[in-house]
Amino acid sequence: MPENEDRFLNQNELDSLLKGINNSDDPEQKEGEEAATVNEKLDPLLDMMGEIANITMGSGATTLSTLLRRKIEIQYPQTDIIKFKNISTNFEGENVIVTVEYKRGLYGLNTLVLPLNLTNIIADLMLGKDLENIEERELDDISLSAVSEAVNQMMGTASTALSDFLKTNIDISPPNTKVMNFSDPNIEFPPIETDKEAYVISIKFNMKINGIAETTFWQFIPMKFAQKIRELMEKTFGKITVSEESSKSSNVKEKSNSNVIKEKKVKVQPVEFGEFEKKEEPISPNIDLSKLELLLDVPLELKVELGSTKLNLREILELHEGSLIQLNKLAGEPLDIYANGRLIARGEVVVIDENFGIRVTEIVSLRERMKTLK
Numbered sequence: 001m002p003e004n005e006d007r008f009l010n011q012n013e014l015d016s017l018l019k020g021i022n023n024s025d026d027p028e029q030k031e032g033e034e035a036a037t038v039n040e041k042l043d044p045l046l047d048m049m050g051e052i053a054n055i056t057m058g059s060g061a062t063t064l065s066t067l068l069r070r071k072i073e074i075q076y077p078q079t080d081i082i083k084f085k086n087i088s089t090n091f092e093g094e095n096v097i098v099t100v101e102y103k104r105g106l107y108g109l110n111t112l113v114l115p116l117n118l119t120n121i122i123a124d125l126m127l128g129k130d131l132e133n134i135e136e137r138e139l140d141d142i143s144l145s146a147v148s149e150a151v152n153q154m155m156g157t158a159s160t161a162l163s164d165f166l167k168t169n170i171d172i173s174p175p176n177t178k179v180m181n182f183s184d185p186n187i188e189f190p191p192i193e194t195d196k197e198a199y200v201i202s203i204k205f206n207m208k209i210n211g212i213a214e215t216t217f218w219q220f221i222p223m224k225f226a227q228k229i230r231e232l233m234e235k236t237f238g239k240i241t242v243s244e245e246s247s248k249s250s251n252v253k254e255k256s257n258s259n260v261i262k263e264k265k266v267k268v269q270p271v272e273f274g275e276f277e278k279k280e281e282p283i284s285p286n287i288d289l290s291k292l293e294l295l296l297d298v299p300l301e302l303k304v305e306l307g308s309t310k311l312n313l314r315e316i317l318e319l320h321e322g323s324l325i326q327l328n329k330l331a332g333e334p335l336d337i338y339a340n341g342r343l344i345a346r347g348e349v350v351v352i353d354e355n356f357g358i359r360v361t362e363i364v365s366l367r368e369r370m371k372t373l374k
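So that you can map any letter, position 226 of the sequence shown is 226 in the numbering used here, and since no number is skipped, the others follow by simple counting.
For the record, the hints were derived by calculation from the structure and aren't laboratory data. The C-beta atom is built at its ideal place from N, Cα and C for all residues, glycine as well. The reader is advised that the hints may include incorrect statements.
Said to hold, decoys possible - What follows is a set of in silico ranges between Cβ atoms, one per label pair, in the way DEER data are often shown:
1) Arg359 x Lys129: 41 to 47 Å
2) Leu313 x Tyr76: 47 to 53 Å
3) Lys129 x Gly108: 35 to 41 Å
As the list claims (entries may be wrong) - Below 25 Å or equal to it, Euclidean Cα-Cα: the simulated BS3-like pairs (lysine-lysine) are:
4) Lys208 x Lys103
5) Lys196 x Lys83
6) Lys85 x Lys228
7) Lys224 x Lys208
8) Lys228 x Lys83
9) Lys204 x Lys83
10) Lys167 x Lys224
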């Protein structure tokens, strides 16, 4: 954060700025100049929220990618400010509104606005429907329930990423999802802000669902909520410059592997079995390879280890529905394959029809496997 605290505005300074920013008699001109001036003053805060959104929603998109079984890419978000009362005027027709309440570590409401073309895709993929028939339509109760489940898991992952970044225990309530028709002049946007004249932060995400569509969704965050995040960052990292702040965000982003939605390509070894032909020290003469023929029909238990972690008793007792447990495996990292408890290969998870499978990408060397037979 900058050493000069004037780079950021506290709530009182923001209120004073909004009251005396312009004396024009033209309300539209006054509001436009007001927004431009406030935007300029809040640039560092908007930059910070862009970094935060990139980290959290990047992690959330990784979860969504797993649920939908599709590669998902989210570009770096665009941040801006808008008066709370004007949010509804920027949308038309029906959209899905997701309201997230933060109840520990951070307090307040955030809202996502998802267009129907995105929610229809999410619903149909969650329900296993034919992709060729995906079209923009009204969501029925089953489809809305599927979208709610997907968004619930996505936002759970996003809040965990934010918690890890800020080193603060953050918890959210299950998101509330509903369809709102912005063509209705009497529509009331979720009360994320009590003052209709107050400014909120608008974050625009461009999302690409590989092979299906490119679409956009928005997140709206109250200014007080963003200021609280800034305070937690200062508490965690101290007074740092904006450039340093971006660097820290990028480092955390790499550590949390939020760019997994770009899917690291796993190098599949060609079927040459070169490992077997390498000149190595001779295997112990005590092992008679010919006798292995007698064992070929013996059934073995095959297991794939997704990962593991250690939790203390307090953390286990705090688990609840929707809790996320981070394992020691990075997304995209090859998984270990065991036969009767012995490592034989490594591979990556695939989906076969409606079942999970494993594609073998690496065979443990013959020498190494034979050593385990002693």
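Each hint tested on the structure:
{"no.": "1", "hint": "Arg359 x Lys129: 41 to 47 Å", "in the structure": "violated, 26 Å"}
{"no.": "2", "hint": "Leu313 x Tyr76: 47 to 53 Å", "in the structure": "violated, 40 Å"}
{"no.": "3", "hint": "Lys129 x Gly108: 35 to 41 Å", "in the structure": "holds, 36 Å"}
{"no.": "4", "hint": "Lys208 x Lys103", "in the structure": "violated, 31 Å"}
{"no.": "5", "hint": "Lys196 x Lys83", "in the structure": "holds, 7 Å"}
{"no.": "6", "hint": "Lys85 x Lys228", "in the structure": "holds, 22 Å"}
{"no.": "7", "hint": "Lys224 x Lys208", "in the structure": "violated, 31 Å"}
{"no.": "8", "hint": "Lys228 x Lys83", "in the structure": "holds, 19 Å"}
{"no.": "9", "hint": "Lys204 x Lys83", "in the structure": "holds, 15 Å"}
{"no.": "10", "hint": "Lys167 x Lys224", "in the structure": "holds, 20 Å"}
Hints 1, 2, 4, 7 from the earlier list are contradicted by this structure; the remaining hints agree with it.
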